[in-house]
Amino acid sequence: MAKHEMVEHEARQIREALKQSFPPVNTELRRDLWPAVLRRLDARQARVPWYDWALIGLSASVFLFFPQLILVFAYHL
Amino acid sequence: MDLFRRFALGEIDAFETLVRQFQRDVYAWIVRIVRDPGIAEDLTVETLWRIFRARHQFRPDGNFAAWARRIATNLALDHLRRKRPEQSLLREPAGPPAPDQLLQRETREKIQQASRRLPAKLHVAATLALVEERPYDEIADALGTSVGAVKLRVFRAVRILRKQLNHLGVRP
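Chains as they are written, first to last, in this note's numbering: chain P, 4 to 80; chain S, 42 to 213.
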């Protein structure tokens, strides 16, 4: 048997073995996934953006180093 | 303005139309790779979300289905890499099996084990080409590579599987 014939024979055997071992899967989608996608999008949008966290961090640092500013800040609220 | 252009601009109505149009194709592609309907649904939702997130990278005159398939394939590959190797893909009927059924089941399980031990890229190429019999150009497009590279991956997968099955004492 020529080499390429052996390779093809081997591939055919493995293909048959794999097809018998992996049962066919149902490729039909059981439900509409749009509501789940929408929830995923909403969850993402509800997240606090990075610049809000940066602002909170900056304010906390200022109050930590200059605690007297808390009173000034409270007066202006 | 056409649907793809509106999607690329971030219009949610356009995206909803595309989801309803393509979700079945994306799911069918993923379930062929992961072979578990529940996991395939989760990965389809994740794929569709990533599609929306990457909308600026989509060229409105491009092939949306092929682009979606590529994102889906990458996610399915990541899932296969993370998945525990001992997870079973086969659902057997309840009740004690006959001795020849037991032998067949054992052989199938060994072949599945050997296939799951392949590197994820080889496993996906072999599953799509040999089990699902998808066209090589479609697989190449989804994996972001050439037809030649897919053929090489399938060839390597066959060689490795042959060696592993010989090692396990299984003759296909």
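Since the hints were derived computationally from the structure, they do not count as laboratory data. Be a bit skeptical, because a hint or two may be false.
As the list claims (entries may be wrong) - Cross-link-like lysine-lysine pairs, in silico, DSSO-like; alpha carbons within 30 Å at most:
| # | chain 1 | residue 1 | chain 2 | residue 2 |
| --- | --- | --- | --- | --- |
| 1 | S | 162 | S | 124 |
| 2 | S | 151 | S | 124 |
| 3 | S | 151 | P | 22 |
| 4 | P | 6 | S | 162 |
| 5 | P | 6 | S | 151 |
| 6 | P | 6 | P | 22 |
| 7 | P | 6 | S | 124 |
Unchecked claim - Chain P side only, calculated, beta carbon under 7 Å to chain S, not exhaustive:
| # | residue |
| --- | --- |
| 8 | 13 |
| 9 | 17 |
| 10 | 28 |
| 11 | 30 |
| 12 | 36 |
| 13 | 37 |
| 14 | 38 |
| 15 | 40 |
| 16 | 43 |
All C-beta atoms in this analysis are idealised placements derived from N, C-alpha and C, irrespective of residue type, glycine included.
Checking against the hints above, which ones are violated? 7 and 14
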